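Now for the letters of each chain:
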Amino acid sequence: MKAQADLSIEFCGVRFENPFCLSSSPVGNHAEMCARAYDAGWSGIVYKTIGLERSFNVVMPSPRLNTLNVFDKRFVGLQNAEQITDRPIKDNIKDLLWLKKNFPHKVLISSVMGYVDEDWAELAKMSEDAGADILELNFSCPQMAHKTAGYRTGQDFHAVEAFTEIVKKSCKIPVIAKMTPNITDMIPVALAAKRGGADAISAINTMRAITEIDINNFTPLPNIHGHSSPTGFSGPSVKPIAMRFVSELYNSKPLNLPVSAIGGIETWIDALHFLLLGATNLQVTTGIMRYGYRIVEDMIEGLSDFMIERNIQSLSEIIGKAAQKIVDPSEFNTRFQAISMVDEAKCIGCGQCYISCQDGANQAMIFDKISRKASVDEERCVGCMLCKHVCPVWDCITYKEVDTTKIRHAAIF
Amino acid sequence: MKKAIDTEKIKQFQSMREPLTLQAAIRESNRCLLCFDAPCSAGCPAGTDPGKFIRQIKFYNYKGAARTIRNHNILGSVCAFLCPVEKLCERACSVKALEDPINISGLQRFATEYGKHFQIEPLRKSEKNQGKIAIIGCGPAGVGCAAELAKMNYDVTIFEREDMAGGVPKWNIPEFRLPAEAIAYDVENLLSLGVDIRFNATIENNEAISMLLAEGYMAVFISTGLSVALKIDLFDNYINALDYISFLRSVKFDHNNIDLKNKNVAVIGGGSVAVDSAVSAKACGANKVYLISLEHLDELPADKGEIELAREMNITFKAGCQITDVNANEKIITGLKGMEVEWIKPENFSPSNVRKVEGTTFALNVDLVVQAIGTKPGYEISRFHKSLQTRGKGIIEVNDLFETNLEGVFAGGDVVNAGSTVVQAVGEGKKAALSIDNYLKNRENKA
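Taken in order, these protein sequences are the chains called V and F. Start counting the first sequence at 1; every next residue gets the next number (this note's numbering). Start counting the second sequence at 1; every next residue gets the next number (this note's numbering).
Any given hint might turn out to be false.
[As the list claims (entries may be wrong)] No farther apart than 27 Å at their CA atoms in a straight line, the calculated lysine-lysine pairs in the DSSO-like style are these: (1) V:Lys-369 to F:Lys-356; (2) F:Lys-132 to F:Lys-63; (3) V:Lys-388 to F:Lys-345; (4) V:Lys-73 to F:Lys-125; (5) F:Lys-345 to F:Lys-318; (6) V:Lys-73 to F:Lys-63; (7) F:Lys-87 to V:Lys-369; (8) F:Lys-356 to F:Lys-345; (9) F:Lys-318 to F:Lys-304; (10) V:Lys-369 to F:Lys-318; (11) V:Lys-346 to F:Lys-96; (12) F:Lys-304 to F:Lys-345; (13) F:Lys-151 to F:Lys-116.
[As the list claims (entries may be wrong)] Where chain F lies over chain V, by a calculated footprint (3+ residues, C-beta under 8 Å): (14) 341-355; (15) 366-375.
Hints are computed from structural coordinates only; laboratory data are not their basis. It should be emphasised that the depicted structure is a prediction, and the values quoted were computed from it without experimental measurement. Just so you know, even glycine gets a beta-carbon here, dropped at the ideal spot from N, CA and C.
Just chain F, with the same shape it has in the complex (with noise of 0.2 Å):
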């Protein structure tokens, strides 16, 4: 069987990621100052507390470590593989100032593992029943307002689209970044929370919500996420223009069918999706790969580290360029012609924000063109209840507790905050979490 995933430098690129060993996170561990009020644990959206479990991995209390990570953040391994840690947790590292940060995603993952291979007991569901309560969509925002909920001893039920829980994780990101065990490791501390998971359970009634608080649910958290990638006017009606959601989709899951052997591919878009797909072609054996961004070299949004390795596998970087036209033939794209192009305004990264610069056109040949430049909403939100309030494409309007409009109805996630990380998306539903016990409480007390 072909394997689409088999560079060499795609493997350096999984080996640096490995966790610490025992001797490294000893090591690394002890360059920890242990801050008082760390700040590392204030820059984790997700409150998953590195300032603690680093201290504990310094104290040999590996599994303590494995349990503050597990217990504050459900998804903690996916974490350890995703985060943006330079600009968040290690960004606010107090080494910084003399050295290199921690390398705390190095020392999670270390923990992470720790607490898996030794088993460290599960988390459970005490008896207590709260109540139940209905979350749409198994992303990440889902997960960790599950979590939280279950912890407080809810009867959660989570309805999920799909065959598999993880969202974002799960489908769009490839495997040589996060394996596919981490997605599965916190999984099942979900489920030994309790949690119940509806597999295929399309919310095709227009009226959802109220069926579901009609059922009997005390509240409802919506995590759809944004599940349809936007595209570009230029490529409609070409056979051989992706969206880099399918794109990627395919590749993990339907590898054997892709083939890009001596084929060139155009990657849309400067983030880390992009990356990942342009990083993804070139493994699945396509000849050139070209990156193209509004965005110049130092202004890309993918992390450094992926970018780093795009480099490594010869990606030509097309930055500061946009497409002006396609050359095709009938519904195939053959070729596409693009220019580089300034920021009108600073500091406003928007394609209307742009204007090309004269004699710089460059055409390229190309095979396939993967668009990567943004997502929105999967659903038409008016499906889940009329009058739910919601801005722009369909993100969803909450106020500080993530209460949308509707009584007993909160939101969270990339469906709210219009796309972020992971680690954020966790953040918001623990967050949320904690707003729908004050509700109910609430709401009980009146009573």
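The following block holds chain V by itself, in its conformation from the complex (with noise of 0.2 Å):
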């Protein structure tokens, strides 16, 4: 039998056998395909937004997807212009109760919003009633573009905060107040939604983007009756901007909450990184969407294997260890030099480094047309790696520290 990590984590006081869970979203929309995520090994669900059918009459789009597709590469990003659920508040309600009571062990967060104080307060006390273990506020949906609902709420430091009070006053389960990206400081939200009492900070909700324009006809993807929308971007294209959220929440003295991280993750090695960087909890949709629950099985596996691997115990060993190496770009220590330094035996003569550091970097690679082989002008080289980027052998181009007491010549860019 094979040896197995405990990925075990502690959030909001609550107990998650590993750190994955689905996100709020289509994913996890009713009672029978939560189930399913839960048997695939997922430890807890963020159930679909909820909200009362007297406040939100949800109409979906149709179409509602585009992805944004990089040459040959396709689902790079998803753009989506899905809504809070359109099912009846009872139907969910009922799933919810029968989804804790058949899965005792696995963690049930219920996703809430509400358009006016009364709302909030009614859907923190139904989602507790029915079994929920823990509250996420959702603040931040971009489709949902109501002055006191949707992203315009998480944009407003005054409504967060008073939402949150509301929910705490009403319900006693832990609450996570879940931000939008669409923002340029997503700390001052934070915090004003920690003064309310929340007990952690979920991040990011999808971006408001265009993914494509339709050439032939003028009009931007996804095409909903002539017209469409900048609306909730997701997956891999997102996750650099999720990271640097995720690091700066961390990071925040004053905060001091723990985080749940969303945005990108398919890989246990996304995983790793959000872990890294501070999250405790991690929330997945597109890469669910794109390939299914059972991803969630190589996401344990690696991580397990990795543990195992370093000698990892448990994994508030390394949350945060990479974010605690992020400072200000003023404070790099720049005393320290390298140029880089090619493999010839492994260099293919595919000269794409040369090109690259011709047109885009300091002209410092030598390509010798007869052997088709690139070498480095130690002299040229500045060290930017741009070649190591575009080079096709992977370990062909490498880093190579100099004698600091050079002064450089020129300087790219």
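Starting from the two chains in their separate frames, assemble the complex, guided by the hints.
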């Protein structure tokens, strides 16, 4: 029997068997889907956001998805014009009850969105009564552009604080405030949520974006009967932005709240990146929409093997380890300089490094047209490593520290 | 009407050679490393510049890709079907160091089809006239030379013995390997450049070249190719021993009169034309088809894909074998006797370099023999000019600039290189065109 590392975490005082959860979206739309997700290995589910029919009359647009494709690589990002649930509240509550009853050891998180104070209070109470372990407050849906709902709430510090406070007064279970990335600085909003009593922050919701224009009829996609809108963008493309926000939340001393990370997680390495930047809990949707619930198997196995290889007993040992290394660019130590080095035996002679260095860096690459081998002009190389990033042989070009007493002739950019 | 070529395997072979779909072309072009000083481009004898047209496909510039191919290689569509890419551009592909090389012929097919379908603007001749030039022979070398000269604003006339343009690809390459539309499209491009083709133009006069020069043609390019098949003495005087040129031509243009049902066919030779003949015989309903070659299986000069097709069509390979005797009923061959052979010296694949292996005698019942062992020039070269320098079986001698020993007379293609690929011939025609242009400019400067 293969060794299995302990992947459990504690988040908002609740134990999760592993950090992997469904984020609030169509992947957790009803009980039958959620049951299959639990069976696949996901430790927790943030159920698709519920609202009250008296406040939201949800009619989903169609089509409501479009992807970002980069050359032959499709689905690098996903744009959706989905809204909160369009199912009746009584059905969703029934599903929450059923899930808690049938999966008592799994974690059930109810995502809610109110319109007025009373909505938030009522939804919190209903969720708690239905067995939810935690509440997540949806302050961030890019498609719900009501004045006091959706991502505009998430841009309004006072609303976030006030709604969080109402929810906290209406129930006893822990509360996560879900942030929108459609804002310059997330910290003031997260602090507002904290003042309202939030126990944790989740980030990021999707980014308002336009993925593509149909060049035949000049209409942005998805083309919803002749119109479109900048709507929620997610997937691997937003991961770098999500990582930035997560690290800022983690590193904020006044905030000091646990973070649930969302944004482009598909593999155990993505998961590890977020843990290292300070996330305790992880949420996934786009990866599941693309590949199905089964991807959690590889996340669990991969992360477990990594922990065993590195002798890590608990994920708490590594959470935030990379976030500690984030500084302001002005604090970089530039006394250490390096140049690139080409392993001639591995060079296949395509010359991409030469083209990129010529046109995009410091003209420091030498390409021998006869032998078709690249080498580095050490006098000219500024160690930007553009060459390494374009090389089709991943380990051919490496980074070598050089005598720092030498003064560089020229600098890139 | 009975169709000669209708077997399932051939259909599969053809579909394998279908142009890549848009989706497949996008995927394939994105495997390309977009090399600096692309080795694939250096590997193309005609300078078709695959490195550039693949880049253009990757960046969604499909029409640009079609233009690159057509502007660099007037037989771009034909070459996309016929090129032995594994010996040329794909052999040079850098991706090979990591995985399978880029499917360059597939991408070339995609781009030419795209250009055809979306009707990129035709090539146009400019109004300027640099003078008249005569080309003898409308095969790949002649066409390559003509297009290049026309682009340099020369007034080009091609004299063609047959009634259609295209040379070897037109007459001797089976339809399943090269659809007629591909040749038609390339010839259409040639004609839009204003090149004049005179069909059924036999060169009868012994001083044809002098006459052309006297008629005001400033230079002559000879690209008459190799139009006569070599034959084996052993089969002299038998009426059912054909050469591959007449056999393939009959299959292509007169296939309703060919019925090989229940007949056994022996093809002698190991190159592409031998394999084409064997596959065509099978497709015409032959029972057993033998491919008898001195070369062993791993030495066959034919393209890999063709050999694969021949195997799938159950052609019997008698590789490393030689025919030693004929059984005949008067003028009709009824059977062949042969033996296995081995090379005396290594790396010399010539009939004089074999010795028979004792105890390997075999006998085959055959109803038709097709000889596909090589070709020679179809004209007595002296017809062109009595002092034109030749060697061997009438191969014209030229220097690096494709100049013959006669002032103003150039030659290229098979009649010079003694038999190579279509793409090589196009390349030689192009290079000769540049030489002709230089020669005429120098002459003008001197005058």
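Consistency of the hints with the structure:
{"no.": "1", "hint": "V:Lys-369 to F:Lys-356", "result": "violated, 47 Å"}
{"no.": "2", "hint": "F:Lys-132 to F:Lys-63", "result": "violated, 32 Å"}
{"no.": "3", "hint": "V:Lys-388 to F:Lys-345", "result": "violated, 49 Å"}
{"no.": "4", "hint": "V:Lys-73 to F:Lys-125", "result": "violated, 42 Å"}
{"no.": "5", "hint": "F:Lys-345 to F:Lys-318", "result": "holds, 21 Å"}
{"no.": "6", "hint": "V:Lys-73 to F:Lys-63", "result": "holds, 22 Å"}
{"no.": "7", "hint": "F:Lys-87 to V:Lys-369", "result": "holds, 21 Å"}
{"no.": "8", "hint": "F:Lys-356 to F:Lys-345", "result": "holds, 13 Å"}
{"no.": "9", "hint": "F:Lys-318 to F:Lys-304", "result": "holds, 17 Å"}
{"no.": "10", "hint": "V:Lys-369 to F:Lys-318", "result": "violated, 44 Å"}
{"no.": "11", "hint": "V:Lys-346 to F:Lys-96", "result": "holds, 13 Å"}
{"no.": "12", "hint": "F:Lys-304 to F:Lys-345", "result": "holds, 25 Å"}
{"no.": "13", "hint": "F:Lys-151 to F:Lys-116", "result": "holds, 20 Å"}
{"no.": "14", "hint": "341-355", "result": "holds (count 7)"}
{"no.": "15", "hint": "366-375", "result": "holds (count 3)"}
Consistency note: the structure conflicts with the earlier hints numbered 1, 2, 3, 4 and 10.
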